[in-house]
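Chemist: For reference, the chains in residue letters:
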Amino acid sequence: MAELEDAAIARWLEPLASDQGDVAEVFVETRRRTVVDWSDGEPGEARVALEAGVSARLRRAGRERLVFVSGAGEGEVREAIRGLTSSSGKTAAAHSAPAPPPFESEPDPAVDRWIRRLGPIFARHAGRGRLTWSLVDLDRRVVPSGLPPARSTRRLFSLEGSFTAASRRGDEIRAFSFHAPEADSTADELKVALTTASLPRERPVPFGDPRGDVLFSGGTAAVLFHEILSHTLEAGAEESPLSRLSEARVAVPDLDVRDDASRLDLFGGYERDDEGTRPRVVKLLDSGRLGGTLSDRSHGGARGSTGHGRRAGPADPPLPRGSNTVVSPGQATTEEMVRRLANGLWIDEIQSGSVELASGQWRLEYPHARRVRRGRFADEVGPGILAGEILSTLSAVEPVVGREVRACRSLGWCSRAGQVVPVQGAAPDVLVRRLSVRDR
Amino acid sequence: MSADRLSGLLERRSPGAWELYRKVSDARETDLTRSERREAFRRENGWAARWWDRGLRFACASDPERLAAAVAEASRLPARAEAPPRLPGSKGERPAPDGDRPLPPDVFERLGQLVAEKSRGEAVLASLALRSGRAEERIVNGAGLSVSTGVARRDGVARAVGRRDSKGCETRAVFRWDGEPDLESLAGRLADGATFPLAPRGVTFARGAWLLDPGVAAAVLAAIAPLFCADTLPRWVKKSDFAARRVRIADDASADAPFDGEGTPTRRVLVVEDGALAARLHDLRSAARAAELPTGHGVRPSYRDLPRPGPRRLFLETSQGSSPRELLGSVGRGVFARALTAPVSVDLALDRYDVQFTGVSILAGRATEPVAGARVRGRVSELLSRFGAIGTDLQFFPMPYPAGAPTVLIEKVTFE
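Top to bottom, those sequences are chains H and R.
Be aware that the first sequence starts at 1, since it is given in this note's numbering, and climbs by one per residue.
Be aware that the second sequence starts at 1, since it is given in this note's numbering, and climbs by one per residue.
Treat the hints as calculated values from the structure; they're not laboratory data.
These numbers were taken from a predicted model, which means no experiment stands behind them.
Glycine included, C-beta positions come from ideal geometry on N, C-alpha and C.
Just so you know, not all the hints are guaranteed correct.
Here are some chain H residues pointing at chain R (derived, C-beta under 10 Å) [unchecked claim]: (1) V35; (2) V36; (3) E64; (4) S436; (5) R440.
Partial list, computed: chain H residues near chain R (C-beta under 10 Å) [to be verified]: (6) R47; (7) A49; (8) F103; (9) L264; (10) Q331; (11) G353.
Bound conformation, chain H alone:
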């Protein structure tokens, strides 16, 4: 859209948003995605995607219309807006679009750099296995009617798959997932994550007990709170058990959880949301009391959007979604937390999670865990499923929280209503009592 001025688009949109509260906007995305499948330390299939799309949206009094067209030139922007106007019965300025300029693209030098780096990393830490590496370069522009235009760019690094690790019971295949915004420190963080994931483990035994106390370590508490706080406090989540408990005390005063999209060091961060709003830090849990909701322009009301209107891509409408779930640190050391757990499960990896708002039930799947007996690490346990009810889980969080906050790099993508957006979180060690535990 560089050749097309934001001011011109804003002028075309102006007649559409005639009433206060109307939302009219144009959203343009260009995306470059480079993927290389690595098999046993060697690059296998190579894929490159270069895509552009534009959508125009009009929202008025509970009705919304979105028109998406592939491409990002002036012709596509005009076509998307025309699609809105023809369906809303109004007309916008009609001009014939000039021919698009020839598309020019320079190869991303970071891709070559990563491929040179990844070979030796895999050779050392994950020589046998299938891992898919991707680097996504996103450039998003929003031109809203009556508000300044905004632009946001992100570079997202992901490595997912499985590899064979040596174990005391023989070789075993372990799933691996690592997501981070591309940065100077990414390679070092990846090496540490792979080293940790490939450590030898004992033969796992079933946990056996239907309930247990669980110490969420390695930042995994971020996944729990992403499910039970972030999703339940998304604006418009009418069935959420928290929707009518504004400012109620639901957990210990030592617990602070916030959604912080401005944390650009985390996978779910951004400078502007997909409606062009600068994100605000939202306290989901403020000293144990329920905080605010995550809203977009449609649900913001008088207080306005919190900057959480997010889209999977230009073909999708924005929805209020969480970004980075961040838990504030406490005072306890890791050793103190394990001692405090006394008997239960120590978990440093979560595979997946889900929540059902109407019943208030959540579940997390873990690939492995350690049993703790009398404050000491005992058997290897797993895989299994943790489950519980949102309010009773919040009330079962122990008042003592770990002091060291870690990013949960295995958390990377969240799906809702078919839209997948990048998310992440960071958390210290958090201890939750009496969770339902089931061996898989």
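Starting from the known structure of chain H, fit chain R onto it as the hints suggest.
Modeler: Just chain R, lined up with the frame of chain H:
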């Protein structure tokens, strides 16, 4: 840049060993809730190229200029050496079926009313997303292939919420309407899925027969479907003794599209016949690796994806079926699994499955009381060998490809 110029570019890079794919789609999606109406119109253009040049390479883009740039970038990446498969060279064209059948304007209200009636007022329709559209796919390749296929679709997902006292439950039902909208059946699935889990009890006996609703049986079938496309079968799979003798599983998408995502003609493949694993579903590359012929199962979920072997319209069939009522009447003690409460979990390598569901308990051939939740888990091999009887009420569900099953009776399982 035109398709011809792109073809020329690919031919120069990899003479005879390339493929160019284009998809143009027009879709309309309507999302309805009690207070909101969202409509989305999408006109998507997708281009993809696959070629073998010191290994397999793939590029995709939203327009031909970007595709040319993506091809250049993908050519620079390292790739493992792989010989190109023998590409098909047929020609053919089939346009999308005519006429976009409009949906009833009050579909949300009608479905909502049916859900309320069938649940005796305990469940409400929370949202309904309807998708309809047409797409045209065109494939050309270095062997002279030129095929074009038009497809039309109408599917969606509905969500209902059940409430009883302080308990709540949510359920989702995906549906696909090849003909007229079947609101009655959808409302029944939503009402039962949203209210059965609110029942006071789970299953009260440990062992019995397990009667699977077509939707549950189709989900189980879809969960084991990767076995039908695997290069290497797990050690527990015995080809001649894969399932009970009466089990027949076929894949036949010939009514949907004459070609697959690589231009291979579609044909019916009997994957399981009389309980024996009879054939594998192949795309071009898997067929080349196995030194077999492609079966027309190169699947592209989107133009962004490389074609992979996969089912296209997979279904369980039988020549000795019984009506669902007869199947119910044959159960002495058991549970009818009406809806899943969690996705079917299957570990094919370890021969394990885990199904969590809600339904109705059956005693002496009669449905007695709702079962809030139950779980059946065990070995996939044992599950397949215990298929006792198969119904005649074959229904298809988007998984996302159409997966079809009738009511299925499994003999003797342990309920948790």
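Chemist: Determine for every hint whether it applies to the structure shown.
Modeler: Now for the hints, and whether the structure bears them out:
1. V35: Holds. Min distance 9 Å.
2. V36: With a closest approach of 6 Å, the V36/H hint holds.
3. E64: 4 Å, holds
4. S436: Where the cut-off is 10 Å and the nearest Cβ of chain R is about 13 Å from S436/H, the hint is violated.
5. R440: 7 Å, holds
6. R47: Given a least distance of 4 Å, the restraint on R47/H holds.
7. A49: With a minimum Cβ separation of about 5 Å from chain R (threshold 10 Å), the hint on A49/H holds.
8. F103: 4 Å, holds
9. L264: 26 Å, violated
10. Q331: 37 Å, violated
11. G353: The hint is violated - G353/H has no Cβ within 10 Å of chain R, the shortest such distance being about 13 Å.
Of the hints listed earlier, those the structure fails to meet are numbers 4, 9, 10, 11, in rising order.
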